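Visitor: Each chain is listed here by its residues.
8 protein chains.
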Amino acid sequence: NRIGLDEAIFCAGKSVEQIGAILELAKARGAGLLLTRLTVEKLEGLSAANRDAIDYCAVSRTGFFGPLKPIEQRGGIAIVAAGTSDAGVAREAERTLRHAGVGATVITDVGVAGLWRLTERLEEIRTHPIVIAAAGMDAALASVLGGLVSSTIICVPTSVGYGAAEAGRTALNAMLASCAPGLVVCNIDNGYGAASAALRILSSYERLRRSGV
Amino acid sequence: NRIGLDEAIFCAGKSVEQIGAILELAKARGAGLLLTRLTVEKLEGLSAANRDAIDYCAVSRTGFFGPLKPIEQRGGIAIVAAGTSDAGVAREAERTLRHAGVGATVITDVGVAGLWRLTERLEEIRTHPIVIAAAGMDAALASVLGGLVSSTIICVPTSVGYGAAEAGRTALNAMLASCAPGLVVCNIDNGYGAASAALRILSSYERLRRSGV
Amino acid sequence: NRIGLDEAIFCAGKSVEQIGAILELAKARGAGLLLTRLTVEKLEGLSAANRDAIDYCAVSRTGFFGPLKPIEQRGGIAIVAAGTSDAGVAREAERTLRHAGVGATVITDVGVAGLWRLTERLEEIRTHPIVIAAAGMDAALASVLGGLVSSTIICVPTSVGYGAAEAGRTALNAMLASCAPGLVVCNIDNGYGAASAALRILSSYERLRRSGV
Amino acid sequence: NRIGLDEAIFCAGKSVEQIGAILELAKARGAGLLLTRLTVEKLEGLSAANRDAIDYCAVSRTGFFGPLKPIEQRGGIAIVAAGTSDAGVAREAERTLRHAGVGATVITDVGVAGLWRLTERLEEIRTHPIVIAAAGMDAALASVLGGLVSSTIICVPTSVGYGAAEAGRTALNAMLASCAPGLVVCNIDNGYGAASAALRILSSYERLRRSGV
Amino acid sequence: NRIGLDEAIFCAGKSVEQIGAILELAKARGAGLLLTRLTVEKLEGLSAANRDAIDYCAVSRTGFFGPLKPIEQRGGIAIVAAGTSDAGVAREAERTLRHAGVGATVITDVGVAGLWRLTERLEEIRTHPIVIAAAGMDAALASVLGGLVSSTIICVPTSVGYGAAEAGRTALNAMLASCAPGLVVCNIDNGYGAASAALRILSSYERLRRSGV
Amino acid sequence: NRIGLDEAIFCAGKSVEQIGAILELAKARGAGLLLTRLTVEKLEGLSAANRDAIDYCAVSRTGFFGPLKPIEQRGGIAIVAAGTSDAGVAREAERTLRHAGVGATVITDVGVAGLWRLTERLEEIRTHPIVIAAAGMDAALASVLGGLVSSTIICVPTSVGYGAAEAGRTALNAMLASCAPGLVVCNIDNGYGAASAALRILSSYERLRRSGV
Amino acid sequence: NRIGLDEAIFCAGKSVEQIGAILELAKARGAGLLLTRLTVEKLEGLSAANRDAIDYCAVSRTGFFGPLKPIEQRGGIAIVAAGTSDAGVAREAERTLRHAGVGATVITDVGVAGLWRLTERLEEIRTHPIVIAAAGMDAALASVLGGLVSSTIICVPTSVGYGAAEAGRTALNAMLASCAPGLVVCNIDNGYGAASAALRILSSYERLRRSGV
Amino acid sequence: NRIGLDEAIFCAGKSVEQIGAILELAKARGAGLLLTRLTVEKLEGLSAANRDAIDYCAVSRTGFFGPLKPIEQRGGIAIVAAGTSDAGVAREAERTLRHAGVGATVITDVGVAGLWRLTERLEEIRTHPIVIAAAGMDAALASVLGGLVSSTIICVPTSVGYGAAEAGRTALNAMLASCAPGLVVCNIDNGYGAASAALRILSSYERLRRSGV
Ligand SMILES: Nc1ncnc2c1ncn2[C@@H]1O[C@H](COP(=O)(O)O)[C@@H](O)[C@H]1O
Ligand SMILES: Nc1ncnc2c1ncn2[C@@H]1O[C@H](COP(=O)(O)O)[C@@H](O)[C@H]1O
Ligand SMILES: Nc1ncnc2c1ncn2[C@@H]1O[C@H](COP(=O)(O)O)[C@@H](O)[C@H]1O
Ligand SMILES: Nc1ncnc2c1ncn2[C@@H]1O[C@H](COP(=O)(O)O)[C@@H](O)[C@H]1O
Ligand SMILES: [Mg+2]
Ligand SMILES: [Mg+2]
Ligand SMILES: [Mg+2]
Ligand SMILES: [Mg+2]
Ligand SMILES: [Mg+2]
Ligand SMILES: [Mg+2]
Ligand SMILES: [Mg+2]
Ligand SMILES: [Mg+2]
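Chains as they are written, first to last, in our numbering: chain A, 11 to 223; chain B, 11 to 223; chain C, 11 to 223; chain D, 11 to 223; chain E, 11 to 223; chain F, 11 to 223; chain G, 11 to 223; chain H, 11 to 223.
Don't take every hint at face value.
[Stated by the list, open to error] Going by beta-carbon spacing under 8 Å, a handful of chain E positions derived as facing chain C: (1) 28; (2) 30; (3) 83.
[Stated by the list, open to error] Straight-line C-alpha distance at most 20 Å; calculated EDC-like pairs for lysine to aspartate or glutamate: (4) F:24 to H:51; (5) F:24 to H:62; (6) G:52 to G:27.
Hints listed in this document are in silico derivations from the structure and should not be mistaken for laboratory results.
Keep in mind it's a predicted model, so treat the numbers as computed, not measured.
Quick reminder that beta carbons are idealized off the backbone N, C-alpha and C, glycines included.
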């Protein structure tokens, strides 16, 4: 595309045949690809050659196909997740960043039900200008971070929980209606989107730097 | 009624005439009454005699009609509110307790967007076996309290906020789906209900004490 | 955690591997654990040693792992369920209490469609200072209990029913909007949460008693 | 119309001018009319002649225009309402029946929060083959009646309540998902509809009786 | 139960073991039973003896267990269904009536998209004092019947359709908000409930007849 | 704009000052304008000169400002409305067409609760290749027309009704999920949109004619 | 039916047996049929003779049974789809048109996230008097087309996406509330409905042309 | 607060008395304040001294109280609004930035219904590393910008529109589910929040720059 973000293939709505065809086209172009929402079943349905060309992560259901950029940037982004069930979303964000050559710090299991665990990591979190916060259910982690950390905070609600958690809708609304000012929010379970937003911000920094603003 | 809670008149769906008639009946019986959701307009529509017999609070839109019990119990209940806009609901809870002869500690403006304000009051809150927590928007206050305080926590979502706050539905859902265990929840803006629950618990204590459990 | 409640592992969002790892850690610490939402499939996926160390209940999908406290307290809590379909939720509450060393009285199949069945058990229910009420569909049981019993009433809506039952949302809303005062409510199907709330109330009482307030 | 029910004018969406025109047409035809949802403001906007030809009831916002049938039938229908706030809906049903020449027994303030009040009236209610039950909030009255009374029960949810009462949606859903079998339900606040259903049942019976089935 | 309706077992939330136990109890009492929402899988899980004692209908997923009453009444009830997909719900109603000894006329495939098919059957439908109307999607059949037929009309919305049909919610709302007066409505897909309501009305007729109203 | 439709000013979100400024600009350009959702209050707030230059219709809250095209086309479009409360929406459609120089046939009060009224007008409706159908509540009119008339049918749900009518959402969903094939739907109360769609179709006809398809 | 559209069998709610029976009836009548929502599993469950008589398309899950009309008309309709995941819906529309003897131009993968791809095809799209636009998630394609193309635009929201896409509800609402005037909308994923609407327009045009209006 | 953002007073839930008290406190501290959601009515209720100390903007309902920072930064932020009805939200964002000493470029009336208006301003928009996009109804502007501009894009859905616009919920969902990657979203009508997010990004950049990362 024309906005500087890597191409990503959202596999959820595609058949194994369609994914295979896209991979062949990419191979022909010599291009690498990020694959998201790729289930193990679909992975196993691909040809052996394509399967072998994919660096797969089962937790986030992402794959790197073909050549991978080296890490070119580090230290700018922390990914903070409330619980172990939010790990898949956090890892999708981490892998999207990694595919773009950006390393991230991942901090998990710091949900506010055990606030002291978050407090212990607060100084470390604060050193990152960009924080991606993934949380489900009440998503209270986002508001607590928003009140304590002056960094840019990109929130990702997760579909963890049941009943009144409403498949992530409650976390989404709580993040949008947060009492902490200046939080921004992505779609439910959209680790890819949060990482893409972080990449936009990093490139905005680059432009700010160049323009000397 | 037969469950030991004072009679309360919910004025929202009643005309001035209906409220007036209820007050006359109570006067005839020599009974005191708690009036909730009584607007200033309705108050002013009552006869001068009835109006004068009402100890009115505009913030909570509650009134004490007729004789009021002395305070018989103190120190058991803290009412904690996130923002100044939650004050009306907190006050409705406080006044319902007061009408039943129970004094409460009220702590306001401790929303998690400024977590240090809450932290400063935490030891004080912990001394109360029962905590009523009123918060709107993301209702993160409830989860933070739930993780830090072992007391019984009765949550009241408030309709403060707009858009994704969904008139209190988001706060309600966040409290129900809280990552902190053992929170219980009342209807949106229902300070009266939270206080009534606290009174049930105080009377359960009394029975526990008597039965020597 | 720091609020005096036993650690519980919510297995719904976790893989067999993750659950196995948590059990190993607990074993190493010599700690017992309550497992909730543990399906038979996941149970069978665990190592034979871990499986054998679990006292499993299929109705509530809960497991006690490792050493279990003796029952230390009885008579304070009744669990009342409307229909046989609510039994799983009632049992989750009972097992959570049992894990904490608290015995409960369980009374089932007293839904209001056959009010005389409830009436027959009313005196027995009233002897308990704390009542957990589990009901789905219209959840009318909660309101009837709320009007007849002065105990603390913790309501758990269940997802029993179809169509307008809206997967428990109708029961939840009916309990929140109940015409009976002072009911408190937990998330849909959250028997664990209702029991945790009851444990908070018992421990608050314990503190009160010890402090002699 | 061709189904034997009287013509009724739903005034909520009509201007004073439109209502006036309909009344003139009815007068010209010599026909009587039932007016529903007629506010005092609209009533006062009508010509003095039309206003005087209306027997108005402010509680139900209904009017009888022109000649009124005598009461031809009694004893078949009871209208049972949970609280005083449900009185307007109950009265709309009563007046619709009265306009059709049918007398009804009205029993109010028997909500289940005070179950003994309902129990005292149960025998009286049971003598009526058709019962209209109006209730808001949790609408538990409908389920309790449904389990205790074998009559035909027509439920009308009311918009009484706030927050989780969701403007009558919770009462509607609770009545639809009731644990008591064979309840039928009308739209929120639709006392007119419940009465019309009762009239259909009476007229079906009449046809049956005449045909000797 | 005490309201004169046969006992029905709702099998959806019950295990094969639970259903088997209920059948054994019924057998011991010599009682017949209506089973609803009984899948073929569950049926096949029962003991051969119990399976053989069940007269099963796969379209409606209902079973008659044990002795069946003869048909005692005919001609009072028509069941009218919009499309072939509504047949399961219509059959559940028919079988519930049959279990109670009541024969019904079933008329299907008369949805309003082909209004002439309905028109051809109109005279036949009109001969029945009670009409059960089952329809999904837009549920326009109910309104058309309501305007043309003076009988009692019990509506059952079905979950047929997709997207904006919202799993039956649209049909339910359309029936409740129908422009035709005096329709009454049951829960989505609740053929059992519609038949139970019809049985209540038949018994009301019986009482009306006896009381000579 | 560039798609051949007249400019229309949606006045609902605009202040009197903003509307006045737009009128001055139009006057300067010598252009005519269609004003929609213009309340009488806003009309009266305009300068006398602007007010006088507006041909206003209170029923539809529309205004023609400045020069008006003659009627250039007739006979192609029928606007059919279910009830008198739908008249405002029907008139908004009629006036939008009139502003574009297109005359329409308006047929009102043909809701399906009195199907014979619709049947009487059916032949007349069928002579129009394009039918705009406006209906609220259950919107059954749309499905009945869709099954009987082969013309293009543009549906406009209206917000007429209460409770389960859900401010037009039920009519909207019923039209979208209609059992009649090939209906198309506009936003709730959007008579302007339905007319604009009809104008697009007339211009498609023109192009079809010219291209000789 | 009587409105000139071919009969189509919606297979989603029908068993293999029911579909087989319908095919036999059609065969007996010598009629062709369009089958929609026919899964591969159901196709394979049909008799070999019936299966062989079906021209099946797996992408759209549609089948042509029996004799197929030749293409009689071309050039009038473009089907434009945002992404590859919308292809199934686009193909359902294309096949419905084909079954009626109408050829369409299909243009895919022109979602607005890569606006230049749409811009490149704009002139081609504009040559078609009727455009069917299929898009999911934000459905921005519909609004962009609506502002740039004066043709009749029939929108089909698709259920592509997750979380806030709400199974197509967001695309549906965005199309209904579009800032571009005169768009019309079909049910979610309803390619069949969009094609049927296009056929109504073509046949209305045909009548107009023949009548010489 | 401790995160570097200016204090803002959200006046919507506060009485004139409460706002007056907050202003007195600020005056005593010599602090400036941003007031949001301040209606003209409330402004006029303040004391003359306080009123005079407020630089008020009626379009955005914001006020600057007391000393105002000079503009210290320019050129980094563009605020792009779809229609004139979105102007209030855009202005709230602009004024929040201005209060923090940051100048912004405001570009309005570039909704996608007239895509050429947006295209003409695209190069100008691209020069800004941060873009705030405000749009209601379908919010298609956000997706179009997201596909064409590589800057950081902060989306603010507005409550402009009716019916299916669902008071901003449709715009919110469309922005969250956008087909363009890396968009981030704020609450409905929350211009203040979007500006606060932009300020977080600028201050994060500042920290990065200073730390030389
Ligand atoms: N996990 C994801 N969630 C949301 N959007 C994604 C995800 N992965 C990829 N995308 C977006 O979807 C586009 C690909 O869509 P498609 O053409 O259907 O494969 C990518 O360019 C991204 O903008
Ligand atoms: N299909 C059904 N839909 C709704 N309620 C039902 C259905 N079948 C049975 N019931 C009701 O559920 C009751 C039995 O519930 P249970 O005790 O859980 O078996 C019966 O007495 C009926 O009132
Ligand atoms: N009643 C209406 N409903 C929906 N859209 C309308 C209506 N009236 C005008 N519009 C549209 O709104 C545009 C004008 O919007 P605006 O620039 O805000 O005045 C017109 O060009 C139409 O596309
Ligand atoms: N227009 C607004 N929208 C959302 N949040 C706001 C707005 N204005 C102020 N706030 C937030 O509300 C806080 C003040 O809340 P309060 O203490 O109730 O006055 C501020 O510190 C901001 O975080
Ligand atoms: Mg955790
Ligand atoms: Mg505050
Ligand atoms: Mg039962
Ligand atoms: Mg009462
Ligand atoms: Mg059919
Ligand atoms: Mg009418
Ligand atoms: Mg794509
Ligand atoms: Mg505009």
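Visitor: Does each hint hold? Answer for all of them.
Guide: To see whether the hints hold, each was checked on the structure:
1. 28: holds (7 Å)
2. 30: Violated. Min distance 13 Å.
3. 83: violated (25 Å)
4. F:24 to H:51: The hint holds at about 19 Å.
5. F:24 to H:62: violated (28 Å)
6. G:52 to G:27: Holds - the C-alpha atoms of residue 27 (chain G) and residue 52 (chain G) are around 9 Å apart, at most 20 Å.
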